[in-house]
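So you can see what is in the structure, the chains are spelled out below.
Protein chains: 2
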Amino acid sequence: MPGSSRTSVTTMVTVLIGIAGLIFILARAGAPIAGAEPAARGAVVEFTPDGKLKQPVGYRQWIYVGASVTPNDLNGGKALFPEFHAIYIDPESFADYKEAGKFRDGTVLVKELSSIGSKETTSGKGYFLGDFTGLAVSIKDSKRFKDEPGNWAYFSFGHKYPLEAEVSKSPTFACNKCHQDSAKQDWVFTQNYNVLRAAAPRSK
Amino acid sequence: MPGSSRTSVTTMVTVLIGIAGLIFILARAGAPIAGAEPAARGAVVEFTPDGKLKQPVGYRQWIYVGASVTPNDLNGGKALFPEFHAIYIDPESFADYKEAGKFRDGTVLVKELSSIGSKETTSGKGYFLGDFTGLAVSIKDSKRFKDEPGNWAYFSFGHKYPLEAEVSKSPTFACNKCHQDSAKQDWVFTQNYNVLRAAAPRSK
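As they're listed, the protein sequences go chains F and P. Per the numbering used here, residue 5 is the first one in the first sequence, and the count goes up by one each step. Per the numbering used here, residue 5 is the first one in the second sequence, and the count goes up by one each step.
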């Protein structure tokens with residue numbers, strides 16, 4: 005009968021929409037949600053099977069916490085970290101820092117180095133960014149770096165392009181010691197990063 | 005009959021799942037997707053009814069594009085923009101810039117100023133961030149600022165805290181002219197912002 009046939013078609017269409025809906029629900033269940041950076045949902049950084057750190061990706065879309073400049077011309081022609089430093093923190097650790105005021109286990113900080121491109125522009129004399137030259141990373145991980153002071157390990161991908169693709173952690177005396185001795189908060193130079201200082205709960 | 009009853013129940017359950025699926029699809033259609041900052045989905049900045057720009061919020065979680073430093077001590081004690089400058093772009097306009105290599109209508113750039121906190125640390129001599137001191141914003145909007153050269157308007161919330169809560173746009177000669185004359189790309193000093201240069205499609 006035409007009536008019965010229409011009912012069957014309606015039922016079939018509804019069933020198909022139901023199946024489509026289910027597939028959609030299942031597909032979205034694994035997808036990241038708004039406000040969370042995709043990079044921060046999985047592993048923020050990757051290691052090789054033998055424990056080397058792979059060059060991080062996507063960090064220029066992380067949270068910038070501050071910049072410094074140690075120009076070669078103020079450091080006898082050879083700055084320890086030439087010359088601009090821009091520091092980033094992974095977004096989830098920043099969100100946690102805003103709540104807790106400390107660096108959670110798993111925090112990743114990236115220090116990207118750039119040359120000085122110009123020393124005078126229309127806005128005055130000073131130091132202006134040139135090209136990217138170097139990259140370094142520090143990671144706090146109480147399992148992977150349980151033997152490092154503060155559980156912080158440091159990695160340098162070089163101060164000159166092309167950078168290394170993957171690197172072993174630096175010896176403890178090369179980076180960790182100086183951070184332990186001089187950094188204001190938990191091996192991090194928060195005294196130089198006003199974005200972090202302003203984000204900490206005590207400042208709210 | 006039991007058989008017919010089971011069929012009816014199965015059909016009804018399937019129909020309900022179908023409706024649930026439809027509701028879910030419709031609900032998610034309007035929701036932001038991963039990777040897009042929630043702040044960038046609505047209005048990135050807000051204006052008062054009489055056209056003043058309200059102080060932007062959340063910009064420290066936008067995309068950092070570069071920093072410069074024009075210290076007072078290199079500018080006769082009074083830098084035009086004292087002293088550290090950190091520049092941010094709103095996330096959606098950055099995503100668009102990566103694809104198109106140009107600044108879309110609606111682009112918002114924030115320049116946050118900080119004092120110099122230190123001139124020497126364990127990493128050498130140079131300039132290190134102090135406290136936040138100032139805030140300025142530029143906006144490209146072909147409707148709201150159709151009479152401004154390049155459709156860019158400039159706003160300064162001050163160079164000393166406390167900043168203004170809302171401000172009128174600066175006169176064209178005060179900011180726009182210099183940007184028009186000296187900025188490398190579309191009123192923006194991309195020559196000083198290596199993050200933007202590296203993100204532009206021609207660099208890929």
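The hints are simulated quantities; they were obtained by calculation from the structure and are not laboratory data. Misleading hints may appear alongside valid ones.
What the hints assert, rightly or not - Residues on chain F that point at chain P, a partial pick, calculated with CB under 7 Å:
1. Val49
2. Phe51
3. Asp77
4. Ser127
5. Gly130
6. Thr137
7. Gln189
8. Thr194
9. Asn198
Unchecked claim - Calculated Cβ distances over 10 Å to all of chain F for the following chain P residues:
10. Val49
11. Gly70
12. Gly110
13. Thr126
14. Gly130
Claimed, not checked - Among chain P residues calculated to face chain F with C-beta under 8 Å, some are:
15. Lys56
16. Tyr68
17. Thr74
18. Leu78
19. Gly81
20. Phe85
21. Phe88
22. Thr125
23. Tyr131
24. Phe132
25. Phe177
26. Thr194
27. Asn198
28. Ala202
The C-beta atom is built at its ideal place from N, Cα and C for all residues, glycine as well.
Going through the hints against the structure:
1. Val49: Since the shortest Cβ distance to chain P is 18 Å, the answer is violated.
2. Phe51: violated (24 Å)
3. Asp77: Since chain P brings no Cβ nearer than about 10 Å to Asp77(F), farther than 7 Å, the hint is violated.
4. Ser127: holds (5 Å)
5. Gly130: holds (4 Å)
6. Thr137: This hint is violated: Thr137(F) lies away from chain P, its Cβ roughly 10 Å from the closest one there, beyond 7 Å.
7. Gln189: violated (15 Å)
8. Thr194: violated (10 Å)
9. Asn198: With a closest approach of 5 Å, the Asn198(F) hint holds.
10. Val49: holds (19 Å)
11. Gly70: With a cut-off of 10 Å, Gly70(P) comes too close to chain F, as the shortest Cβ separation is near 5 Å.
12. Gly110: holds (19 Å)
13. Thr126: violated (5 Å)
14. Gly130: Non-interface label on Gly130(P) violated, nearest chain F Cβ at 4 Å vs cutoff 10 Å.
15. Lys56: violated (24 Å)
16. Tyr68: holds (3 Å)
17. Thr74: holds (4 Å)
18. Leu78: Since chain F brings a Cβ to about 4 Å from Leu78(P), closer than 8 Å, the hint holds.
19. Gly81: Not OK, violated: Gly81(P) not within 8 Å of chain F, min 12 Å.
20. Phe85: Where the cut-off is 8 Å and the nearest Cβ of chain F is about 5 Å from Phe85(P), the hint holds.
21. Phe88: holds (7 Å)
22. Thr125: Hint on Thr125(P): holds, closest Cβ of chain F at ~7 Å, below 8 Å.
23. Tyr131: holds (5 Å)
24. Phe132: Since chain F brings a Cβ to about 5 Å from Phe132(P), closer than 8 Å, the hint holds.
25. Phe177: Violated: closest Cβ of chain F sits about 14 Å from Phe177(P), beyond 8 Å.
26. Thr194: Because about 10 Å separates Thr194(P) from the closest Cβ in chain F, which is outside the 8 Å limit, the hint is violated.
27. Asn198: holds (5 Å)
28. Ala202: Result: holds, 7 Å to nearest chain F Cβ.
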